[in-house]
Amino acid sequence: MGKKLRWRVLLILLVLAGAVAGFVLTGYARARKDLGVTTPTVKDALRHGIKLGLDLRGGIHLVLQVNTADALKAERDDAVETLRNNTKDAGLGGVELPTDTTFSVVVNDKTDQSKLEDATKRFLPDWSYTTGGGKWTFVLKDVNRHQIEDNAVAQAVETIRNRIDEFGVAEPLIAREGKDRILVQLPGIDDPKRVKDLIKNTAFLELSLVDKGPSTSEALLAGYPGGKIPDNLKMVEAKAEPGRTDRSYYIVRKQAVITGRDLKNARPSQGQFGAATVSFFLTAGGSQKFGAATGANIGKQLAIILDNRVQSAPKIDDRITDSGIIKGSFTPEEANDLALVLRAGALPAGLTYLEERTVGPSLGLDSIRKGVTASVVGALFVFVAMVVYYRRAGWNAVIALLLNAILLAAAMSLFEATLTLPGIAGFILTIGMAVDSNVLVFERIREELRNGRAPKAAIENGFSKAFATIVDTHATAIIAAVFLLQFGTGPVKGFAVTLIIGLLISMFTAVFVSHTIFEIEYGRRAHIDTVSI
Amino acid sequence: MELFRQTNIDFLKYRWWAIGASWALILIGMFAVFVQKGLKFGIDFSGGTAIAVKFNERPDVDKLRKILDGANLGEIGIQRYEDPEKHEVLIRVQQQAKEGRDVAGDVLRTLRQGLEGPTDPAKIDINTEGKATLAARLAAADPDRVAGRADADLAAAYAQVAERVIAQRSQVGLFHSAADFGTIPGVSPEVKAWLGANTVVGPFVLLSAENVGPQVGADLQKKAVLAIVWSTIGMLLYIVFRFRSLPFGVGAVVAIVHDTLITIGLLALFGREFNLIVVAALLTLVGYSNNDTVVVLDRVRENLKTPKKEPLDVVINRSINQTLSRTILTSGATLIVVIALYFLGGEVLNTFALTLIIGIIVGTYSSIYVAASIVVIWKNFQNRRKLAVVPAPAPVKAPAVPPTAPTPSASASSAAVARPAGSGKKKKNRR
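Chains A and B supply the protein sequences, listed in that same order.
Be aware that the first sequence starts at 71, since it is given in the working numbering, and climbs by one per residue.
Be aware that the second sequence starts at 290, since it is given in the working numbering, and climbs by one per residue.
What the hints contain is simulated information worked out from the structure, not anything from laboratory work.
It is possible that some hints are incorrect.
Unchecked claim - To be clear about the criterion: a stretch of chain A counts as covered by chain B if any three or more of its residues have a C-beta under 8 Å from a C-beta of chain B, and this derived list gives those stretches: (1) 255-266; (2) 393-404; (3) 444-450; (4) 503-517; (5) 535-549.
For each residue, glycine too, the CB sits at the ideal point set by N, CA and C.
Bound conformation, chain B alone (with noise of 0.2 Å):
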């Protein structure tokens, strides 16, 4: 099967118009940053709590939510999410003006008095407590009369009990009441008559907890806007250093921006959170959306080598129509992943697929126009500007041209052909 056989399209006939519709979806995606919605910062980067509960009923929100007014924690945000037959509830906390309150256990004590009421402090909660502190209560009652056996370990016996007992927690989500007790396997009936007994069926289970404060939420910004121009920088380092080529490394680097910038734009547009996580794919498609262009351009560096003297525009042309099917295919796997990704990776890895969908269409749409353009526009300036400095038509010495490879002329017509260094290097690469 074959999707593209020889295509020979013009694609830099376009240039100018591609140039105006990747102006557009930037200036789309700032209008939605700056002027709409602005960026919306999860809790790594803003600061706060996010606490995720699973309740054992379908939640009220609006009773959570005046139980937890009385905490005194300021804006509380309450969401339900997912799928609402799970009963999971996602619980965010502004962030606090003060360094350290520990948040998360103030939200979650409220909402269990709130909803609870008064309990027997001599019982604990089964679905709040922890291994460790259902192993010591199990030890201290000794259900099973492991002590008068010889060479009993009285610890050791109930720590396996209680790592089945959560086990089985974990595996249905929360004990709904005293009878799912009946069901944990492994765990026998005196110890599920104790747990009857000694423990309360709390209304909920904790899933997760997340708590940044001003000081690490400032550090997380500072590094990952750092990460994303540090990496920017070192593909554009690799490029001048592998093609010996300014233009392409900008080239490279201007398609590297034109896509952050597009994606941000639009995942503001949809109203999605930035946390570490799509910073991760962000720096992803850096590495990406560099990948396709070097693809190109290395075709470009191979298409100048022969001896046939051909316009630079004629050449890139060339090289996109040669490496287009690689580009389209490749870029219609990593989707396919991506896609799968993005339907069944559930909510944490939600955004980060979406943004690597957006990268990757976007980023082999600018391999192909904003890279090669950007290298044309740029020769087609130097030699409009060389031509004028030296009226006559004379050879004209491309920026790193090897002592070893034949200096082109320029004509006065056609752009003149820099031939990237590096080719004697790259001959050691091939057999």
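With the rest of the complex left out, here is chain A (with noise of 0.2 Å):
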């Protein structure tokens, strides 16, 4: 018997000691990453142990929907582009746009349907289509159209962790949840607004040549024939001035000249007065677009468009091959963020917020304030209910419970667990329960003594006794604690994380080393007359 409560001894001090190097080592590290210092203060050490969860620490919680159906027009668009160019000799009627993964072509007896069918063979391989009634129908295939969804969602997905990694986030979640929604959470970020910007902004560049503009709507379409603007073309808002609730518009080329896409890097600058500008710079195929159409273009106006608003039209001076300006009214936080996400590249598709949680920094420290306040009294409360209700077996219990939360902070700590502000609600329920076990232990130790049992052996089935119990009770509670893992965000995770770690921790302390101090204080005597419980 001595042997092995020796080596249970052992173990238990093993365990411990682990737990508390591993909370103070993980706590080092982390320190060391979140304040950025090398040899981060005891203190830090301790307090960066366990990581804290957004409604803790401060920072974004972001549901975005991607509009899938963006990338779906911009390549209907796009076949009808392509089927226009390869069939220009085939006497083509219009184009009808019914949705968005539909298009017909109006046909009559001088088509050359042959050409159609031809072009569709050659260039149109991800579309379907139907004739009759005087029109070709095209329909997008549903294999290629899940394709394009699923591609818009996983672009988009690489396109804001660009954007988020160049502006510099510790520990940024994206992730794509579903079909179409992104997760987005940035720890610590306290600009909500400015960040959402970034994120949100399609960045979608366009320079195109203007045609007329800028001007009211009405008096830009009285200049065409009909009041109508001629297929190649297209009207395009201008940026409102700050200050001015009166809009302007250019009609511009819909070919752009050079799109985002032809961009090799961005960067903010300063303009004429100080103003801040966008400074961009062209790869080499953007380059030599670009060369020819100013060359060939000058004295003519050039539109910055940027997410379909025209930020600025400056004329052509010269023939410029690989780098331009955006001037507009821009902060500098503007420029900066404008360079920053042209640099990281478009959004293949528009983002709607469906779901937005911020917590600014004050609440988080005031959050954890209360919370550990309200846990360390409710936990003195219990151990000293315990130790007036049991005498020495409580203090027993009390040793046990407060074993119990070390391990659990420690256990948080090493598996990475976040804790939120519930999470602080489950740590102390978790001593709530936990405590149960060892009520359950007493009261059949109790009992055993009631019924004439003398006392080593009243304690061996006390424990023995109430083990099935126990189990019984930590099985229900985990399992209602894994659907609530199911269920919910972040701090609603946290708590269910915490209660899951908390109850499978307790079930070591409060049968186990809670049996080993028993023996410790009575196991040795061959012989007690008593038990203080």
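With the hints as a guide, bring the two chains together.
Right, dumping it as structure tokens:
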């Protein structure tokens, strides 16, 4: 018995030492990373032992939806354009666009339908078509449709990740959720507006030659026969000047000279009078296109269009090849962020915010303070109650509970589990539930004593008889917590994780550790008369 | 110290009273839910926006309302909360018809414009801007003249300065005036002077903003209901499997449903709001309520194994009495903890704690009365039916009797004692 007991004590001490060491070491590593110092103080290390959730640390939680329809529409417009370019002499009628994934080409007796069929087979393998009613109706095949949607979401995740990385956020979480949603969690970010704009900015840059403008939309339309803009042109709104409510418009060529894809780099710069501007630099291919277009159109205006808004439309003074400047009334931050999103690439589709949760840094601090105070007070009350009610055995329970708390903290630290405000409640709740196991055992021991059992036997029987019940109570509580884990967002998940780890640990502390303490106390003596319980 | 020394209370004698009391509580709760006030859903479920803001001085709620009415956001609720000395205000905005509007951003911008009037665009609001912006502006101005030094890292140097400034702001809540810059630790006088000249001290600081769109709200509602339903089914399966007894499982589940209904009803009666954290508390209760029931049922199972023939209600009564002390003590300990959370845990955890307080009290009662009563009523009913089919006293086979256990025979007067199996398994656990 003595030998066995020694092993058990050794095991408990080893677990305790491992837990403390694990907690402190993880704390050092995390503090080093978070604070950016090479030798954090012991206090900092202890503070950074557990990863804090957004609700305690401050930060932003966002759920975005990718408007995959945008990508489908772009694909459709591409297909229409391709078909048009390759059937120029086939005598096609107009094009109808009933939905995002279908389009129809009107045909008549003059149309060379074999040319149309030929072009379709060669250039539009992703589309199926039906004929009849004087038109050919094209439908994007399901396989390709899903692929385009899927790619759009995947690419959006990638783009957002690039932007966040460029902005510089420690430990960001950017993950796809379901079919078309993206979850973004940015701990420590205290500037929600800026970051939201940064993420959502489609950053679709086009440089197009201006046909007419700027003017009001009516004046512009009046300049074309029948008040209708020709097929190869489009009307784009100009960015509103600060403090002005009237809108002005430009008529520009649909075919852009260059787009954001031709950019090699972009950075914030300073223009005249210290105004914030963005300079961009083109790839080799982009330079070639840009040089040719600007060289051929000297004296004309070139519109710089960002997300369908004309930022500025400078006159082309000379042939430009590899770089340009975007002017607009930017603040330094806006210029910086625009350069950043241009570098990181455009989004393949627009984004909609479905959910936003921002916690400022001061609220997090306040929550920690309150949560910890409540926990400490609650735990102290429980400890006092146990000692008053069970006397020496109560101390036994207190030791087991303290050990439970230490192991729980260490486990959370080592598993990189996130502590949230409800998680703090879970922490203290596990103390309440762990006490249950002690109570079950102690009550059993008392019962055995009442039934006239000798103290030693009573302790043994108490533990063995209560064991099945302890397993049952833990199992049911864990089952409930697992369902909780499947449900809800960060804070609630944090609660479930804390609860589950705490319950698992309490199996060890309340049964194994508590039993061992009893044996240390009573086991060595050959005979004991009373048990303080 | 002992509170209950070998009690011998005939709990089941009052079972019909208990059932009446339970129904009364459920009905009061349901009245509150369906007739009186309805369930108040927080924005997690109903969608909408909630913004918590801390002001520099005591906020004039009427003025805030007037300013925000201009933002065209629909219905807006403004309330002070927590300690009035802290000047904190919670602004709620109804769900917008269209997904995606940045309501929180709009509210903050409107408030700032309305309270401050036009501001110098070259200056940043020190109570609004984050570390990144502040660091960039500082780096551009370079008040500490870092650029001249050898191996200078402008960005890193000012990132640290900005960090300290914002940390101080968090520490004190918000900057009240430019004079507060003097208190920022670890920052040079030059930086403080720069702050004084190039920033404005805004009227408020953002504590938190939550914006839940209609889609996510509907999703969460569905998920919450499913989570509660599935965890209840999980409990049923566990008990039926562990105790090999359907009545035990049904008794436990009825107790869970009972506790959940009463808790939801009472929360509605108290006008508390339902949000994710309350659902988390309800799910915890599902586990907790079952916990208590399992302890009683475990004892019943154990007591049924003694060779003595006793009517089931006597066995159950004895089991309840034997576990009474544990039930009360554990509930008491958990209750202490939860009460501490209720009073000290702050706004977010308050309703969470209240849910648990109600749930623990109701759960303790239900594990004594509801689950056990159901088992007794079920068994009695089963026996009466069997007796009606088999007129002469004959061996009655309990649903899941292991072949090794002696088959109990039912006498006309006493309820048959079902011996849940798993007894063999339990022996293994004992040394």
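task = Check whether three or more residues of the segment 393-404 of chain A sit with their beta carbon closer than 8 Å to a beta carbon of chain B.
result = Answer holds; 3 residues pass the 8 Å Cβ test.
request  = Would you check chain B against the segment 444-450 of chain A, counting CB to CB pairs closer than 8 Å, and say if three or more residues qualify?
outcome  = Our answer is that it holds, as 5 residues pass the Cβ test (under 8 Å) against chain B, meeting three.
ask   = Residue count check for the segment 535-549 of chain A against chain B: does it reach three with CB-CB under 8 Å?
value = Answer holds; 12 residues pass the 8 Å Cβ test.
task = Closer than 8 Å, Cβ to Cβ, for at least three residues: run that test on the segment 503-517 of chain A against chain B and report holds or violated.
result = holds (count 8)
Coverage of the segment 255-266 of chain A by chain B (three or more Cβ within 8 Å) = holds (count 7)
Every hint from the earlier list agrees with this structure, and none is contradicted.
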